[in-house]
Amino acid sequence: GAVVSQHPSRVICKSGTSVKIECRSLDFQATTMFWYRQFPKQSLMLMATSNEGSKATYEQGVEKDKFLINHASLTLSTLTVTSAHPEDSSFYICSARASGFSYEQYFGPGTRLTVT
Amino acid sequence: AQKITQTQPGMFVQEKEAVTLDCTYDTSDPSYGLFWYKQPSSGEMIFLIYQGSYDQQNATEGRYSLNFQKARKSANLVISASQLGDSAMYFCAMRRGNYGQNFVFGPGTRLSVLP
Numbered sequence: 037g038a039v040v041s042q043h044p045s046r047v048i049c050k051s052g053t054s055v056k057i058e059c060r061s062l063d064f065q066a067t068t069m070f071w072y073r074q075f076p077k078q079s080l081m082l083m084a085t086s087n088e089g090s091k092a093t094y095e096q097g098v099e100k101d102k103f104l105i106n107h108a109s110l111t112l113s114t115l116t117v118t119s120a121h122p123e124d125s126s127f128y129i130c131s132a133r134a135s136g137f138s139y140e141q142y143f144g145p146g147t148r149l150t151v152t
Numbered sequence: 026a027q028k029i030t031q032t033q034p035g036m037f038v039q040e041k042e043a044v045t046l047d048c049t050y051d052t053s054d055p056s057y058g059l060f061w062y063k064q065p066s067s068g069e070m071i072f073l074i075y076q077g078s079y080d081q082q083n084a085t086e087g088r089y090s091l092n093f094q095k096a097r098k099s100a101n102l103v104i105s106a107s108q109l110g111d112s113a114m115y116f117c118a119m120r121r122g123n124y125g126q127n128f129v130f131g132p133g134t135r136l137s138v139l140p
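These protein sequence lines are chains A and B, in that order. If you read the first sequence in this note's numbering, its first letter stands for residue 37, the second for the next number, and so on. If you read the second sequence in this note's numbering, its first letter stands for residue 26, the second for the next number, and so on.
Wrong hints could be hidden among the right ones.
Claimed, not checked - When the alpha-carbon atoms are kept at most 27 Å apart in a straight line, the in silico DSS-like pairs for lysine-lysine are as follows:
1. A:Lys77 <-> A:Lys91
2. B:Lys98 <-> A:Lys77
3. A:Lys91 <-> A:Lys102
4. A:Lys100 <-> A:Lys50
5. A:Lys91 <-> A:Lys56
6. B:Lys98 <-> A:Lys100
7. B:Lys28 <-> A:Lys77
8. B:Lys28 <-> B:Lys98
9. A:Lys102 <-> A:Lys56
Quick caveat, the hints were computed from the structure, so don't treat them as lab data.
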């Protein structure tokens with residue numbers, strides 16, 4: 037089946053630094069990737085949608101200058117949290133939709149970010 | 026706007042019994058897809074079952090079945106013969122259109138299977 041990986045699985049960074057999270061589709065091409073954020077005991081909230089080769093579309097309330105998304109290839113999207121603060125600590129999950137018609141999104145295992 | 030409601034924050038079920046997790050949705054789109062995902066404590070989202078808005082029959086996948094009542098806008102998940110490994114968070118989600126992109130998730134239901 038389709039596999040999506042995320043790296044790193046866990047990261048701890050100091051306040052004010054930036055951290056990059058990678059999302060890769062391992063065995064299929066993903067024209068569209070999605071980034072979600074999940075706070076403890078809450079549901080997933082869509083942050084942004086990225087299409088290969090174009091700018092990401094951010095959901096209302098998500099700061100595009102703080103959460104930089106790059107989808108440079110059909111198998112890789114990155115999320116960079118810039119100038120991280122403790123309130124950015126969360127579980128970040130990406131998902132990917134295969135090229136062509138597909139009703140399914142394939143989720144990565146998630147990245148737990150802790151900002152100290 | 027699309028919205029998913031899961032009114033059961035937590036559910037308990039005895040091992041080997043069946044359990045129904047409720048999901049209602051709100052959308053004005055004629056075409057949409059409904060999904061159920063399982064999220065164990067490790068965090069990964071595991072796809073369980075899918076129902077398209079034009080599907081005539083209720084979806085089934087092994088021990089999972091989806092009780093789709095379009096007029097009531099409900100898409101309840103039925104897990105038969107519960108197992109201890111079924112203990113997890115369960116999310117109902119909706120996607121606009123048959124091949125649209127945006128997913129909206131419900132708040133989730135935590136299922137605990139008792140031995």
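Each hint, compared with the structure:
For the proposed pair Lys77 of chain A and Lys91 of chain A, the alpha carbon gap of about 31 Å is over 27 Å, so the pair is violated. Between the alpha carbons of Lys98 of chain B and Lys77 of chain A the distance comes to roughly 25 Å, so the proposed pair stays at or under 27 Å and holds. Distance check on the hinted pair: Lys91 of chain A and Lys102 of chain A sit about 15 Å apart at the alpha-carbon level, within 27 Å; holds. Of the supplied pair hints, the one linking Lys100 of chain A and Lys50 of chain A holds, its CA atoms being roughly 21 Å apart against a limit of 27 Å.
Restraint check for Lys91 of chain A and Lys56 of chain A: the C-alpha separation of about 17 Å stays at or below 27 Å, so the hint holds. Simply put, Lys98 of chain B and Lys100 of chain A have alpha-carbon atoms about 34 Å apart, too far for the 27 Å limit, and the pair is violated. A distance of roughly 19 Å separates the Cα atoms of Lys28 of chain B and Lys77 of chain A; the hinted pair therefore holds under the 27 Å criterion. Taking the CA atoms of Lys28 of chain B and Lys98 of chain B, the gap is near 11 Å; set against the 27 Å cutoff, the hint holds.
At most 27 Å may separate the alpha-carbon atoms for a hinted pair to count; Lys102 of chain A and Lys56 of chain A meet this at roughly 12 Å.
Checked against the numbered hints above, the structure violates hints 1 and 6; every other hint is satisfied.
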